[in-house]
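Sequence order for the protein chains is E and G. Read in order, the letters of the first sequence correspond to residues 10 to 550 in the working numbering. Read in order, the letters of the second sequence correspond to residues 5 to 340 in the working numbering.
Hints may be right or wrong, so weigh each one.
Stated by the list, open to error - Here are the computed lysine-lysine pairs in the DSSO-like style, where the Cα-Cα straight-line distance is at most 30 Å: (1) Lys267(G) - Lys52(E); (2) Lys274(G) - Lys91(G); (3) Lys154(G) - Lys52(E); (4) Lys314(G) - Lys52(E); (5) Lys137(G) - Lys52(E); (6) Lys72(G) - Lys269(G); (7) Lys196(G) - Lys52(E); (8) Lys448(E) - Lys182(E); (9) Lys329(E) - Lys322(G); (10) Lys329(E) - Lys336(G); (11) Lys72(G) - Lys137(G); (12) Lys15(E) - Lys448(E); (13) Lys329(E) - Lys240(G); (14) Lys336(G) - Lys322(G); (15) Lys39(G) - Lys52(E); (16) Lys52(E) - Lys72(G); (17) Lys91(G) - Lys239(G); (18) Lys24(G) - Lys187(G); (19) Lys274(G) - Lys52(E); (20) Lys191(G) - Lys150(G); (21) Lys52(E) - Lys150(G); (22) Lys240(G) - Lys150(G); (23) Lys151(G) - Lys314(G); (24) Lys91(G) - Lys336(G); (25) Lys187(G) - Lys52(E); (26) Lys329(E) - Lys314(G); (27) Lys366(E) - Lys16(E); (28) Lys269(G) - Lys52(G); (29) Lys52(E) - Lys133(G); (30) Lys336(G) - Lys177(G).
Stated by the list, open to error - If you want a taste of the chain G side facing chain E, the calculated C-beta under 8 Å gives, among others: (31) Asn28; (32) Leu69; (33) Lys206; (34) Tyr222.
Calculated from the structure, these hints are not laboratory results. No experiment lies behind these values; they were computed from the predicted model shown. Every residue gets a Cβ at the ideal spot worked out from N, C-alpha and C, and that includes glycine.
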Amino acid sequence: MRTISKKWFFVTLVVTILLTTPIWLLVSFIFEPTNENWTHLAKTLLPEYITNSLILMFGVSIGTLLFGVYSAWLITQYQFFASNILHWALLLPLAIPAYIIAYTYTGLLEFEGPVQSYLRTIFSTQTVLQWFPEVRSLGGAILMFSLVLYPYVYLLARAAFASKSQQIIEVSKTLGASPLRIFFKVALPMARPAIIAGLTLALMETLADFGTVKHFGIPTFTTGIYRSWTGFGDTTTTAQLSLLLLAFVITLILIELWSRRQAKYFTHQKNQPPITTKITGLKAVIAFIICSLPILLGFIIPTSQLLAWSINSAQTSFNKEFFELIWNSFYLAFFTALITVIIALLLAYSKRIQDNKIIYTLVRITTFGYAIPGTVIAIAVMILFTTFDNYIDSFMLANFNISTGLILSGTLFILVFAYTFRFLSVSLQTIDSGLSRIKNSMDETAITLGARPTRILTKIHLPMLKTSLLTAFILVFVEVLKELPTTLILRPFNFNTLSVRAYEMAADERLADAGLPAILIVLTGLIPVIILSQIMRKQHA
Amino acid sequence: MKKILLCSIIFVLSFPLLAKEEVNVYSARKEQLIKPLLNEFSRTSGIKVNLITSSEDALLKRLQLEGKNSPADILITTDAGRLYRAKVSKVLQPAITIKMQNMIAKHLQDPEHYWLALTTRARVIVYAKDRVKPSELSTYEALTDKKWRKRICVRSSNNIYNQSLVASMIAHKGKKFTAKWTKSLVKNFARKPKGGDRDQIKAVAAGQCDVAIVNTYYLGQMINSSDSSQVNATKKIAVFWPNQQDRGTHINVSGIAITKAAKNKKNALKLINFLLSDDAQFWYAQVNNEYPVVTTAGLSETLKSWGKFKADTLDLDKLGLFNSDAVKIMDKAGWR
Numbered sequence: 010m011r012t013i014s015k016k017w018f019f020v021t022l023v024v025t026i027l028l029t030t031p032i033w034l035l036v037s038f039i040f041e042p043t044n045e046n047w048t049h050l051a052k053t054l055l056p057e058y059i060t061n062s063l064i065l066m067f068g069v070s071i072g073t074l075l076f077g078v079y080s081a082w083l084i085t086q087y088q089f090f091a092s093n094i095l096h097w098a099l100l101l102p103l104a105i106p107a108y109i110i111a112y113t114y115t116g117l118l119e120f121e122g123p124v125q126s127y128l129r130t131i132f133s134t135q136t137v138l139q140w141f142p143e144v145r146s147l148g149g150a151i152l153m154f155s156l157v158l159y160p161y162v163y164l165l166a167r168a169a170f171a172s173k174s175q176q177i178i179e180v181s182k183t184l185g186a187s188p189l190r191i192f193f194k195v196a197l198p199m200a201r202p203a204i205i206a207g208l209t210l211a212l213m214e215t216l217a218d219f220g221t222v223k224h225f226g227i228p229t230f231t232t233g234i235y236r237s238w239t240g241f242g243d244t245t246t247t248a249q250l251s252l253l254l255l256a257f258v259i260t261l262i263l264i265e266l267w268s269r270r271q272a273k274y275f276t277h278q279k280n281q282p283p284i285t286t287k288i289t290g291l292k293a294v295i296a297f298i299i300c301s302l303p304i305l306l307g308f309i310i311p312t313s314q315l316l317a318w319s320i321n322s323a324q325t326s327f328n329k330e331f332f333e334l335i336w337n338s339f340y341l342a343f344f345t346a347l348i349t350v351i352i353a354l355l356l357a358y359s360k361r362i363q364d365n366k367i368i369y370t371l372v373r374i375t376t377f378g379y380a381i382p383g384t385v386i387a388i389a390v391m392i393l394f395t396t397f398d399n400y401i402d403s404f405m406l407a408n409f410n411i412s413t414g415l416i417l418s419g420t421l422f423i424l425v426f427a428y429t430f431r432f433l434s435v436s437l438q439t440i441d442s443g444l445s446r447i448k449n450s451m452d453e454t455a456i457t458l459g460a461r462p463t464r465i466l467t468k469i470h471l472p473m474l475k476t477s478l479l480t481a482f483i484l485v486f487v488e489v490l491k492e493l494p495t496t497l498i499l500r501p502f503n504f505n506t507l508s509v510r511a512y513e514m515a516a517d518e519r520l521a522d523a524g525l526p527a528i529l530i531v532l533t534g535l536i537p538v539i540i541l542s543q544i545m546r547k548q549h550a
Numbered sequence: 005m006k007k008i009l010l011c012s013i014i015f016v017l018s019f020p021l022l023a024k025e026e027v028n029v030y031s032a033r034k035e036q037l038i039k040p041l042l043n044e045f046s047r048t049s050g051i052k053v054n055l056i057t058s059s060e061d062a063l064l065k066r067l068q069l070e071g072k073n074s075p076a077d078i079l080i081t082t083d084a085g086r087l088y089r090a091k092v093s094k095v096l097q098p099a100i101t102i103k104m105q106n107m108i109a110k111h112l113q114d115p116e117h118y119w120l121a122l123t124t125r126a127r128v129i130v131y132a133k134d135r136v137k138p139s140e141l142s143t144y145e146a147l148t149d150k151k152w153r154k155r156i157c158v159r160s161s162n163n164i165y166n167q168s169l170v171a172s173m174i175a176h177k178g179k180k181f182t183a184k185w186t187k188s189l190v191k192n193f194a195r196k197p198k199g200g201d202r203d204q205i206k207a208v209a210a211g212q213c214d215v216a217i218v219n220t221y222y223l224g225q226m227i228n229s230s231d232s233s234q235v236n237a238t239k240k241i242a243v244f245w246p247n248q249q250d251r252g253t254h255i256n257v258s259g260i261a262i263t264k265a266a267k268n269k270k271n272a273l274k275l276i277n278f279l280l281s282d283d284a285q286f287w288y289a290q291v292n293n294e295y296p297v298v299t300t301a302g303l304s305e306t307l308k309s310w311g312k313f314k315a316d317t318l319d320l321d322k323l324g325l326f327n328s329d330a331v332k333i334m335d336k337a338g339w340r
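Please model the complete structure; the sequences and the hints are all you need to start from.
What follows is the structure in structure tokens.
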């Protein structure tokens, strides 16, 4: 057991250290003295940035919980009109990038947009409707983020409601507890770790966003990071601000850890089929509304707007180049997802079999990437690899008179590396929560019977983890498909993706032309989401 | 027979590798506003163009980090300040030929021949025709007057064109004046800055504000848009050229430079020559309503309709030099 542990320890150590290099690089900036740009920001804008970010996080927490938790509960407990469609349709908004949904709602709700124009004809007025809410506001941003990020909460909460607590819920029912009481007193506390894991992902993504808050004109922490880079051209302050953002994130993660430590539940049987109660009448209508509202707002409305935009431009701009864009986006997302899931499995499993503080901490640190703005990650990765390449080049030149040039920089390799670093958290959270549902005693029994960790993994855990692995794969797949800043900065020559195309059109304020690539992102992301839900359904059936 | 077939396949496949005439471009111009021209260049010259588009800050950082091993031959930006930043970061070389220097005005190129402008864009005032008389307008400075209280729309200070407008004010009038000017201007904002330049134009048309500061080509795009609501919005507004009695209207440029690490310098120069040709210059006027830098090139109908104007001939280097001061001044003034 000792030697096996050592091997796992060593492999995990190497992988985590390599994967966290961008963080170590950022951390090295702590030791640089702060300059006048930092002082300037601290004096003028930092308080506002922090306040806005905090309000945003608070609002998005409430929004994603409202959209995600109730729907997950209803879907797992009841049968009502279209509930088996809503079951997977609730995941759809995941396929829409936050900045795209922001653009579509701006288009819909602005002064010239269809909604206000219609209202003006009703009230027969030509001027601005003073009472009409401004979508480009802090409240609007909270709504946008909540609409595309609640699926994380929904996904994890649904899994928790469906498996972990099912038996206890049944017992509570038999004991005569009312549905509301069961929800608040039994199900919710038991699902809390899963819900908070989903919430953490949503909040990390909110913190890292720049596209949406920029369009809405809300200065947040990320705005400050960009400003110190583009406005001042100051890498040091950029890195130091990113570190401060990390402090935010570490707090989040500590809260999550604390919540997990509070509750450790195991089920005694795997895949307990959830017993759903059939509801009809008013109850069914209310349930239907609660579950379809997030889909309507987060998917149907924005997608319709995108379709309307792209129909106008599709005839002129859809050509064979778009197949190349789709293919590039697809294979990049596919391979990154595959690699990320393998690494996440290795780390999650390694953490499970060894009770080692160092490994535990390092694995935790690999998840920070999700909260760091893509641009910061891209620059950090670029610094690392160009330094490496140039070092090899000068070494080879000095010793063998051969110039190797840039070996890795400017290739897809560093792009995939950056993605893996950024999205490892997504797959690790999912696999981790899947693993935690498998009782430790099962491992112990296997060990007693003389099985080695690799055998336990392949024979016991992998079959039980199938759903978690697939979920992790698809989440990363969709994330990479949507990803923008890292791709934009690190991509090789002549390499374009759907999200880059959508962005370049939107950044040029050509929203109608951004419609087509945006809708293709959504469609490409849709396929795996539907596959995922079908497989999950089969598992339960 | 098989061998011959195999050999010919290998020969055919390796053909693109043998045809090694190429040039590598890092461009901050969006793909749709550069690719058609590059394709045309490849067609006429036989030189393959490899392209990466990204933000200028990212491309500059990439050039710096890649150092002498950078594959890039050419850097294209949409802001003079970034060209200045690239020059002082020592990633460019002074390669602009005398022939090119003579083709365009002095203030549109680097005095040490590191870069030159390809097109210019003017930052103008647009006003609501039914609520503002052009005689009420005069200069950027005059926009701070009390009569404009809560009547001005302009986008965020994150935007480079606002940063360079303020930088040009610093260059002409000094930091102290500019700080005061910015503060008073912010007081006159009708709303918190949000959206892009098109949104400001729409806001004027919708009556949310009476004047806006925007780049001309966004207005041009709207006028020529297939979206009727955008076209209708432009009918309610008109262009005013500020500061015609003194230094002229503030302009920024899109520009081009050859990198220090360039390995295909000859081809890079050919590409610059091509982009300065009358046809290429007219293409920018036609497609994006930017002003050509070569005076012999034609103008689009939209550009003609706005008439001639006097442009600020400030050394564009200054926009880069004062960029960071401009951002700080805007921060202090509360321009978000």
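Each hint, compared with the structure:
Using a Cα cut-off of 30 Å, the hinted pair lysine 267(G) and lysine 52(E) is violated, with the two alpha carbons roughly 46 Å apart. A distance of roughly 21 Å separates the Cα atoms of lysine 274(G) and lysine 91(G); the hinted pair therefore holds under the 30 Å criterion. For a cut-off of 30 Å, the pair hint linking lysine 154(G) to lysine 52(E) stands: about 27 Å separates their Cα positions. At roughly 39 Å between alpha-carbon atoms, lysine 314(G) and lysine 52(E) are farther apart than 30 Å, so this suggested pair is violated.
Between lysine 137(G) and lysine 52(E) the CA atoms are separated by roughly 41 Å; this puts the pair beyond 30 Å, and the hint is violated. Among the hinted pairs, lysine 72(G) with lysine 269(G) is consistent with the structure: their alpha-carbon atoms are about 14 Å apart, no more than 30 Å. Restraint check for lysine 196(G) and lysine 52(E): satisfied, since their Cα atoms lie roughly 21 Å apart, inside the 30 Å limit. Distance check on the hinted pair: lysine 448(E) and lysine 182(E) sit about 25 Å apart at the alpha-carbon level, within 30 Å; holds.
For the hint pairing lysine 329(E) with lysine 322(G), the CA-to-CA distance comes to about 44 Å; that exceeds 30 Å, so the pair is violated. For a cut-off of 30 Å, the pair hint linking lysine 329(E) to lysine 336(G) is broken: about 50 Å separates their Cα positions. With a C-alpha separation of about 56 Å, the suggested pair lysine 72(G) and lysine 137(G) falls outside the 30 Å cut-off, and the hint is violated. For a cut-off of 30 Å, the pair hint linking lysine 15(E) to lysine 448(E) stands: about 23 Å separates their Cα positions.
With a CA separation close to 40 Å, the supplied pair lysine 329(E) and lysine 240(G) exceeds the 30 Å bound. Straight-line distance between C-alpha atoms of lysine 336(G) and lysine 322(G) comes to about 21 Å, which keeps the hinted pair within the 30 Å bound. About 44 Å separates the Cα atoms of lysine 39(G) and lysine 52(E), which puts this hinted pair outside 30 Å; it is violated. As the CA atoms of lysine 52(E) and lysine 72(G) are separated by approximately 39 Å, the hinted pair breaks the 30 Å bound.
About 42 Å separates the Cα atoms of lysine 91(G) and lysine 239(G), which puts this hinted pair outside 30 Å; it is violated. With a C-alpha separation of about 55 Å, the suggested pair lysine 24(G) and lysine 187(G) falls outside the 30 Å cut-off, and the hint is violated. Taking the CA atoms of lysine 274(G) and lysine 52(E), the gap is near 49 Å; set against the 30 Å cutoff, the hint is violated. Of the pairs offered as hints, the one joining lysine 191(G) and lysine 150(G) holds, with about 9 Å between alpha carbons and a cut-off of 30 Å not exceeded.
This hinted pair checks out: lysine 52(E) and lysine 150(G) have alpha carbons roughly 29 Å apart, not beyond 30 Å. With a CA separation close to 24 Å, the supplied pair lysine 240(G) and lysine 150(G) stays within the 30 Å bound. A hinted pair counts as satisfied when its Cα atoms are at most 30 Å apart, and lysine 151(G) with lysine 314(G) qualifies at roughly 26 Å. Taking the CA atoms of lysine 91(G) and lysine 336(G), the gap is near 29 Å; set against the 30 Å cutoff, the hint holds.
A distance of roughly 17 Å separates the Cα atoms of lysine 187(G) and lysine 52(E); the hinted pair therefore holds under the 30 Å criterion. With a C-alpha separation of about 45 Å, the suggested pair lysine 329(E) and lysine 314(G) falls outside the 30 Å cut-off, and the hint is violated. Proposed proximity of lysine 366(E) and lysine 16(E) is supported: the alpha carbons are some 16 Å apart, at most 30 Å. Distance hint between lysine 269(G) and lysine 52(G) is fulfilled; the C-alpha atoms sit about 14 Å from each other, no more than 30 Å.
For the suggested pair lysine 52(E) and lysine 133(G), the alpha carbons sit about 41 Å apart, so the restraint of at most 30 Å is broken. Between the alpha carbons of lysine 336(G) and lysine 177(G) the distance comes to roughly 18 Å, so the proposed pair stays at or under 30 Å and holds. For asparagine 28(G), the interface hint holds, since its Cβ comes within 8 Å of a Cβ in chain E; the closest pair sits about 6 Å apart. At about 4 Å, the closest approach between the beta carbon of leucine 69(G) and any beta carbon in chain E falls short of 8 Å, and the interface hint on this residue holds.
At a threshold of 8 Å, the smallest CB-CB gap from lysine 206(G) to chain E is about 6 Å, leaving the interface hint in force. Using the Cβ-Cβ criterion of 8 Å, the hint placing tyrosine 222(G) at the interface with chain E is satisfied: the shortest such distance is roughly 6 Å.
In the structure shown, a violation is registered for the earlier hints numbered 1, 4, 5, 9, 10, 11, 13, 15, 16, 17, 18, 19, 26, 29, in ascending order.
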